[in-house]
Structures are given as C-alpha cells and as structure tokens.
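Student: Each chain, written out:
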Amino acid sequence: MGRKLEQEKGIFISLVSMLLGFGCLMVYSASITSWPTEYEQIYLSRHMIYLCLGVTIAAVCSKVPSRIWFKLAPLLFALSLLFLVLVLFPGMGRRVNGAQRWLRIGGLSFQPSEMAKITLVLYVSRLLVLNRERLNQFWHGAVRVLIPPALIIPLVMIEPDLGTSLFLAMGVGIVLFSGGWPKRYFFLAGVVAIPSFLLLLFSRPYMLKRIHGLLATWTDFNLAPYQIKQSMISLGSGGIWGVGLGKGLQKLSFLPEANTDFVFAVVGEELGLVGTCAILFLWCNLYVAGLKIIKKLEMNSFEFIVAFTLLSMTVIQAVTNVAVVTAMIPPKGIPHPFLSSGGTNLLMNLASLGIVLSMAKSKQVEAL
Amino acid sequence: MNWRLKFIVMTICCGWMILFGRLVFLQTWQANELTQRANRQHTFTQSIPARPGDIIDRNGRLLATSVKTQSLYLVPKHIKDVKKISSQVAGALNLNAIDLQKKIEKNGQKYFIWVKRRLSEQETEVFQKLELSRSIYGFQQEFLRCYPQETLAAHLLGLRNIDGIGRGGIEQGFDHEIQGTPGERTLIRDSRGRIIDMDDLSIRHPKNGKTIVLSIDSVLQFHTEKELDSLMETWKPKGACVTVMDPSTGEILASASRPVFNPNHPEKAMPEDWKNLNVSAVFEPGSTFKPFIVAWALQKNRIAKEEILNCERGRYRMGPRTLHDHHRYGDLSIEDILVKSSNIGMAKIGERLTNKQLYRATVLFGFGSKTGSGLPGEVRGLVQPFKKWNIYSTGSIPMGQEIGVTPLQLISAHAALANRGILSQPRLVLKTMNSSLVHSAGFNLQDEKEKRRTVSPIIDPEICQWIIEKPMTEVIRRGTGKKAKLPDYTVFGKTGTAQKINPETGKYSHTKLVCSFVCGAPSNNPKVLVLVVVDEPTTGRSHYGGTVAAPTASRILEKVLNHTGVKEQKQDLKLAIKPVH
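For the record, the sequence lines run as chains R and F. For the record, in the first sequence the residue sitting at position 210 is 210 according to my numbering, with numbers rising by one throughout. One rule links them: number in my numbering = place in the second sequence (from 1) + 368.
Since the hints were derived computationally from the structure, they do not count as laboratory data. Misleading hints may appear alongside valid ones.
As the list claims (entries may be wrong) - Quick list of in silico lysine-lysine cross-link-like pairs, DSS-like style, CA-CA up to 25 Å:
| id | chain 1 | residue 1 | chain 2 | residue 2 |
| --- | --- | --- | --- | --- |
| 1 | F | K755 | F | K724 |
| 2 | F | K436 | F | K668 |
| 3 | R | K292 | F | K374 |
| 4 | R | K183 | F | K374 |
| 5 | R | K296 | F | K755 |
| 6 | R | K4 | F | K575 |
| 7 | F | K895 | F | K851 |
| 8 | F | K604 | F | K575 |
| 9 | F | K643 | F | K880 |
| 10 | F | K594 | F | K668 |
| 11 | F | K875 | R | K295 |
| 12 | F | K374 | R | K361 |
| 13 | F | K604 | F | K838 |
| 14 | F | K436 | F | K594 |
| 15 | F | K451 | F | K470 |
| 16 | F | K895 | F | K880 |
| 17 | F | K604 | F | K643 |
| 18 | F | K851 | F | K606 |
| 19 | F | K636 | F | K594 |
| 20 | F | K875 | R | K9 |
| 21 | F | K452 | F | K436 |
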C-alpha cells in the first residue's frame with residue numbers, strides 16, 4: 001500500500017521534472033534573439049536560479065504537515081493581503097506596461113497575486129472545513145466563506161490583472177464546488193457575479209478590443225492582433241515535425257514574449273505537432289498521477305480539497321495558456337507552468353505541487 | 369470520487385481534447401498557409417545584378433564596358449535626427465540637403481530609399497569618413513556603364529539608363545543579349561528588417577551579359593567623326609551624317625551623325641542630339657537615286673548602254689508639267705545623262721520603264737523598308753503605295769523625288785551596285801560572345817563565322833560593273849564630283865542635291881537643301897563606299913552635293929583605303945574582267 005503510493009509519487013515527480021527539463025530547453029531556445037546580446041544568457045541563468053529556489057521551496061512545502069498548513073492558512077492569507085496592498089503604493093510596487101504587479105525584494109521581483117493563488121485556496125478551504133456543519137446557514141455557510149476572495153480579488157483587479165483575478169475566482173470556485181458547497185449558493189453567486197463581470201467588461205474598452213481581436217482571428221486573419229497572428233504563424237510553420245530545436249525564426253523578433261507567455265508557440269514552431277502533443281500528454285499524465293496520489297484522502301477533508309484544487313489549478317493554468325496561444329480565448333497574461341521563463345509563477349507552481357505532496361503524505365501519517 | 373469532482377476532471381479533460389484538436393488543425397491543416405505567411409515575413413528576395421556585356425569594335429577595342437560601383441541607400445525608419453543626417457550625407461555627396469531631408473521625412477516608415485546611385489570612389493570615401501551608424505545606411509553593388517571613347521560612335525552605341533536598360537543604338541537593339549540575367553538570393557530578416565541570415569541553397573547566380581562585336585573600326589570611326597566635325601564647322605548645317613561601308617559584305621566600317629551626345633553624360637544632351645540621322649532622317653535622295661533607275665532600265669532592256677537620248681535643250685513637257693535641266697543639253701548618251709545629271713534624260717528613261725517598273729526598281733533596291741541593321745529608331749522612309757503613283761511620278765521618281773529615303777537605305781542600295789548587283793543587309797554586329805573580352809584567351813574574328821545575312825541578287829553583274837566603272841567613275845573624272853578625285857585610286861560616285869519641302873508652303877524650298885554624296889573605290893573592285901549627307905548647310909554660297917559633301921567624303925574614303933591597305937590593280941578599263949556567267 002505504502003510502496004504503491006511512493007511509486008505513484010515517484011511518477012508524479014518524474015512528470016513534473018520532465019516538464020521542468022523541457023522548460024529549461026525552451027527557455028534557452030526562446031531567449032535567443034536575432035542579434036546576439038547578453039540577454040540570451042541572462043534569461044537562462046535567471047530561470048535556473050528560480051528553478052533551484054522553487055525546487056527547494058517545493059521540498060520544504062512537501063515536508064510541512066497538513067495541520068501546520070491548516071494553522072498557518074490565516075497568517076499566510078493576511079500576508080498576501082498585505083503584499084497586495086503594498087504593491088499598489090508607488091514606492092513599493094514596480095510599474096510595467098501600465099500595471100502595478102511586482103514587488104521588488106532584493107534583486108528579484110515578486111508578484112503577490114501569484115502567492116495569493118495558494119494562500120486564498122488554503123484559507124477558503126480552512127473556512128469551508130471549519131463551517132462544514134453550518135454550510136446551510138447563510139451567514140456562516142455562504143458569506144463568511146466568500147469574505148477572503150471578496151477582499152483579495154478586487155485588489156488584484158485594480159492592479160490591473162484581470163487574468164489572475166479570474167483565475168483566483170476559479171480557484172475559489174473549485175474549492176467550494178469540490179468541497180460540497182450547496183448548489184443554490186453557486187446559482188446565487190452566478191446571479192451576482194456574471195452581470196457585474198459584464199459591466200466591468202463594457203466599462204473597459206481595451207478588454208472589448210481584445211475580444212474583438214479574438215473574433216477577428218477566426219474570421220479574417222489579417223485583422224487579428226499582432227501577438228495572436230504571430231503566435232499562430234509560429235505554431236503553423238512548425239508543421240508536424242517542427243523546424244528543429246533552436247532553429248525557429250519567429251522567436252527571434254516577431255513573436256513577443258517568446259520565452260514567457262508564448263513559449264508554447266515556440267515549442268510548436270521548433271518541435272512541431274509532435275512537441276506540442278508531447279506536452280499535452282505530459283500534462284494529462286501529470287493530472288492523472290496527481291489524482292492517484294490523493295485518491296485515498298477523505299473527500300471532504302481539508303487535505304483533499306486543497307490538494308485537488310491546487311493540482312487542478314496548475315493544470316487549468318496550462319490549459320488556459322495553450323488556449324491563449326492557439327487563439328481560443330482572448331489573450332491574458334498567463335504563463336505556461338514550468339515551461340515559461342521563471343519568476344514568482346514558477347516558484348508558486350512548484351510550491352503548490354509541494355503542498356499537494358504534503359497533503360498526500362499527511363493522510364499517510366494519520367493512517368499510521 | 370463524487371460527481372462534483374468528476375465534473376471538474378471531465379471539464380479539464382474536455383479542455384485538453386479541444387486544444388488537441390485545435391493544435392492538429394493548426395499544425396497540419398493550416399500548416400502550409402501559415403508557413404507561407406511566416407516565409408513572407410522572414411525572407412525577402414534580393415536580386416544580384418548581372419554584369420552587362422561589353423561592346424567592342426572589330427579589332428577588339430573597347431567601346432562600352434561596365435565597372436562595379438557602390439550605390440548608397442538610407443533606412444529612413446532608423447534615422448532619428450533627420451536634419452543632421454541629411455545635411456551630413458548631402459554635404460559628402462554634393463546633394464541638396466533640404467531635398468534629401470524632405471525625401472527622408474516623406475518615407476519615414478520605410479526601410480529603403482536610394483540616395484545616390486553609382487558613387488565614384490572619391491564619394492564613397494568621403495561618405496565613409498562620416499562614420500554613420502551601420503543601421504541607417506547600406507551600399508548595394510551596381511554596375512556603372514562607361515564609354516571610354518566618350519562621344520565616339522555614340523549614336524551606334526546608345527546608352528544604358530540608371531536602371532541598366534539600353535536606350536538607343538546597339539545598347540537597345542541588343543539589350544537582351546547585353547543585359548544578361550540577374551541572379552537572386554533569399555535573405556532572412558528579423559521584424560526590424562535587419563538581415564540575419566542568408567539561404568545559401570536558394571542562391572541563383574547571375575548570368576552576365578554577352579559581349580557584342582561591332583563591325584566598325586574605331587580608328588576609322590575616329591577619322592570619320594573628325595572629318596564630319598570639320599564639315600559641321602565649315603557649313604554649319606542643321607545636321608550631317610556619314611556611313612562607311614564595305615560593299616562586298618555590307619559591313620559598316622564607320623557611321624556617325626551630328627549633332628552628337630556624350631553617353632557618359634546623357635543629362636547634358638539636347639533633344640535633337642539623340643537622333644541618328646543615318647537611320648532616322650528621311651530625305652529626297654535626288655540625283656544619287658538616278659543610277660538605280662538606269663540600272664533597272666538596262667536590266668529590263670528598256671534602254672541600251674550605247675543609246676543616245678534627246679534632252680530637249682533643257683525644257684521638256686511631260687503631261688501637265690514642264691521639266692527643266694540646269695543646262696540646255698541636246699543629245700546625251702546614257703552615260704552622260706548620269707554624268708551631267710540630266711533630269712529630262714532621266715524622265716525619258718522613266719517613260720520607257722513606266723510606273724510599274726519604276727515601282728519595282730524602288731522596292732527592289734530596298735527603299736520603303738527597313739534595312740535590318742538592328743538599330744532602334746530606324747525608319748522605313750517614304751514610298752507611296754503604288755495606287756497613288758501618277759504621271760508626275762513617272763518624271764519625279766527617276767530624278768529621286770517623290771520618295772523619302774534614309775542614308776542607310778541609300779548606301780545599302782549603292783552597295784548593291786558596287787557588289788555586282790547583290791543587295792545585302794547592312795551589318796553592324798559581327799557576332800556576340802559569351803565571355804567578356806577580359807576573360808577570353810584571345811580575340812579572333814575567324815573562330816566563329818556567323819551565318820550570312822539575307823542577300824539577294826537584283827541586277828546583272830555586268831550592268832552593275834558598267835554603271836560603276838563608266839558613268840559613276842566619269843562623274844568624278846569630269847562631272848559634278850570632281851572634288852572627290854584621289855591621286856592613287858579610281859573613285860566612282862554620285863552627287864545629290866535635293867530641295868526640302870517647305871512645311872509652310874508645301875512647295876520645294878530654294879534655300880533649304882539636303883546635299884549628299886556617295887563615292888567609293890577602287891572602281892574595278894569596290895572595297896569601300898562612303899555616303900555623306902548634309903542637312904541644310906547655312907554658311908557659304910554654293911550648296912551642292914559636289915561642293916558641300918564631296919570633299920569630306922573623299923577625305924574619309926582616302927583615309928579608309930589607306931588604313932585598310934586596299935591596293936588598286938591599275939588595269940586598262942577595257943580589259944576589266946568580264947563577269948563569269
């Protein structure tokens with residue numbers, strides 16, 4: 001029994017490692033520029049630093065027992081909230097492309113909204129488990145559980161970072177849905193959230209423009225936004241077999257953000273359909289392997305809800321990124337987990353998988 | 369797992385399935401279209417210029433050649449301080465700074481505008497001393513066409529324009545051969561237009577142009593032009609031209625026209641300078657036309673060599689009009705009709721021939737159609753359609769009126785007489801060679817006999833020999849062409865003085881004349897034929913072919929005979945070889 005779990009964990013970790021290895025290759029290849037500059041090397045070195053840091057964090061996270069996570073959840077949540085407030089202050093936050101998303105700590109920049117992806121899930125799960133018996137009471141079951149997201153999501157939204165806010169909302173949704181939140185609350189939340197979302201959409205013309213751009217991609221290619229056009233050209237010109245690793249021309253200057261959000265397009269050009277499908281295959285297996293290691297956890301436990309949500313969110317992030325790159329949904333700044341050049345995102349994705357492992361182990365401890 | 373979890377897992381799996389389908393669609397179904405788009409934005413095709421072929425004379429002397437030069441372009445998109453750059457560049461290259469600035473600003477979004485093409489070495493050097501950033505300019509190699517002999521044979525050569533296209537002369541007529549085929553290569557660029565790689569496999573090397581060997585001899589051409597220039601100086605005509613031909617082959621040994629242009633500096637030329645009178649001037653030949661009619665009348669047995677015709681003492685009524693001669697001639701032999709150039713005598717021969725035969729003779733000698741010299745701008749001359757010929761024609765055609773000819777047509781027809789009745793196309797191009805002269809081991813005209821051009825016998829050799837050796841030789845000895853006598857050679861020839869039609873009155877002008885003179889030597893075996901045509905001489909008094917054109921023609925003739933080393937076999941004329949039948 002225990003051996004089998006260890007075996008499944010081994011498979012899970014191997015799959016993550018394969019994606020990480022793939023990521024190193026692609027970050028290096030996608031950072032090549034048309035005219036040699038020192039940046040080519042810097043990106044890979046930076047990625048390596050984040051990778052080492054991330055693996056360490058993941059290892060630590062996996063050793064932390066679930067009850068500690070349970071206890072720490074409010075504190076971590078409060079910390080994220082603090083960072084998210086700090087980032088909005090001009091002296092603290094760094095402004096890039098009109099959005100204030102980064103905190104500068106030492107030499108590295110840090111994105112508090114990425115951290116919130118984990119802490120929000122932990123805290124909401126904790127609240128849900130604590131209020132398990134009172135879920136049908138409106139105050140305890142519905143309102144109290146929704147207070148944390150109601151605090152965090154608007155903060156992220158005004159950075160502005162719509163993509164991450166939606167993602168956070170989705171995380172909360174998965175926690176509640178898998179945690180057995182009554183269906184009527186979902187209905188209620190939908191009634192409130194959907195109109196306000198639409199209102200928001202129409203109040204920001206640039207978002208509408210993005211949606212128009214997406215529709216244009218489907219009807220008249222020439223009208224599509226530059227980034228999407230280049231992304232599709234990169235994928236298409238790879239064909240089935242690709243032009244060869246490192247030989248892609250698109251990343252050299254045509255494809256923007258080639259080593260971060262659009263790294264998947266570089267895979268498409270250089271490794272072709274074979275490469276892109278290999279990544280899809282890895283992700284599917286990763287999900288299945290992840291589900292297997294948490295299978296034995298009790299469905300409504302804190303451990304299971306957290307592990308299931310974090311695992312699913314990581315996979316959904318990959319799905320979303322591929323969907324953006326293939327022009328299935330409007331562009332929003334979501335990197336491909338493990339493949340995109342490092343940063344807070346890489347750290348947090350590794351941390352969440354570390355937590356998944358920790359949750360799986362906790363059950364083992366209790367069983368003994 | 370409960371249904372909620374299954375729902376989430378299934379949703380995610382569905383997402384993957386849809387994306388899988390999408391990827392297959394993009395990377396197989398749409399791969400070709402998207403690859404083409406990718407290629408379009410990554411690559412561009414650059415042409416590699418082919419070196420235009422040289423033009424050389426019959427002895428291999430260079431008349432036109434091409435040298436490699438650099439042409440400068442700017443990249444307006446990368447220029448930040450337009451004003452500074454344009455004043456710097458304009459200063460170095462002697463351009464107008466304000467014009468250049470406007471040009472750069474107008475094309476601000478472009479990656480390529482020409483600044484100056486085919487820079488001299490000095491200009492390149494001065495420009496490079498500016499040490500501008502490599503991202504804002506570039507050089508492209510182009511060939512500069514050079515005419516080392518300057519104006520020599522300019523009308524025959526023509527020139528290449530700034531885009532390397534032949535304009536006028538052989539440059540245009542043989543443009544296809546001279547130009548060569550440019551090569552091509554595919555360059556890979558980034559989104560800023562910078563070239564980052566070259567696709568070696570796609571390279572197509574240029575095919576250099578062929579070398580054209582002309583029949584002219586530049587030494588003879590030089591002397592001919594010198595004589596023509598002194599004629600221009602003496603008589604100040606509107607224009608003048610000379611052609612020197614070897615009648616036995618039809619090869620043009622020299623050909624010049626005035627006014628002239630310098631192909632190295634086309635911008636300085638006046639519009640009338642471009643015209644090559646030898647092929648594009650149409651004039652009434654006058655008396656120089658008479659020998660053809662006599663030859664045809666003899667050929668058709670309408671007259672006999674020994675015959676005597678009554679020239680009516682200078683007045684002859686022919687239908688509704690009266691013809692006049694300069695002198696009141698009585699009975700004249702056929703020979704003397706030509707020597708004294710009697711219009712009435714010729715009109716009577718015309719009556720014997722009738723319009724039908726006159727027309728045949730005109731067409732047979734090549735008038736009214738192009739000679740096939742290959743020179744652009746050649747005209748057909750003017751021969752009325754036969755149905756328009758009337759009683760006037762019967763009198764006018766024999767004395768060389770009512771017909772327009774080009775100098776080249778005229779000398780070709782005379783060459784037929786001198787060549788025992790065989791009309792051959794004038795030849796200007798001896799051959800085309802694949803290799804540049806510079807690279808070929810040796811120059812030998814004999815190694816590649818080009819197929820002969822169209823030739824057609826039109827008159828009996830005996831009749832031609834008689835016309836050349838008797839009346840046309842007598843013209844020089846005692847007739848209107850006395851000024852063309854040469855001490856060492858028996859010269860034959862014919863003068864012509866034609867009145868031009870005044871465009872205002874529609875009648876013949878008494879002051880605007882075209883003086884022409886055709887002569888050749890030696891009479892018993894013609895080797896050289898020279899035609900001089902002078903359009904509207906203005907200075908001096910006596911404007912006749914024999915006074916204006918003949919001295920120049922004979923000096924040219926003598927020079928050519930000496931230069932080519934023609935030796936006359938002095939024989940009694942009576943013993944002249946009878947043509948073998």
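Student: Take the hints in turn and mark each one as holding or not.
Tutor: Structure-based check of each hint:
no.: 1; hint: K755/F to K724/F; result: holds (10 Å)
no.: 2; hint: K436/F to K668/F; result: violated (60 Å)
no.: 3; hint: K292/R to K374/F; result: holds (13 Å)
no.: 4; hint: K183/R to K374/F; result: holds (16 Å)
no.: 5; hint: K296/R to K755/F; result: violated (115 Å)
no.: 6; hint: K4/R to K575/F; result: violated (74 Å)
no.: 7; hint: K895/F to K851/F; result: holds (20 Å)
no.: 8; hint: K604/F to K575/F; result: violated (47 Å)
no.: 9; hint: K643/F to K880/F; result: holds (19 Å)
no.: 10; hint: K594/F to K668/F; result: violated (43 Å)
no.: 11; hint: K875/F to K295/R; result: violated (118 Å)
no.: 12; hint: K374/F to K361/R; result: holds (23 Å)
no.: 13; hint: K604/F to K838/F; result: violated (34 Å)
no.: 14; hint: K436/F to K594/F; result: violated (32 Å)
no.: 15; hint: K451/F to K470/F; result: holds (9 Å)
no.: 16; hint: K895/F to K880/F; result: violated (33 Å)
no.: 17; hint: K604/F to K643/F; result: holds (17 Å)
no.: 18; hint: K851/F to K606/F; result: holds (23 Å)
no.: 19; hint: K636/F to K594/F; result: holds (21 Å)
no.: 20; hint: K875/F to K9/R; result: violated (115 Å)
no.: 21; hint: K452/F to K436/F; result: violated (30 Å)
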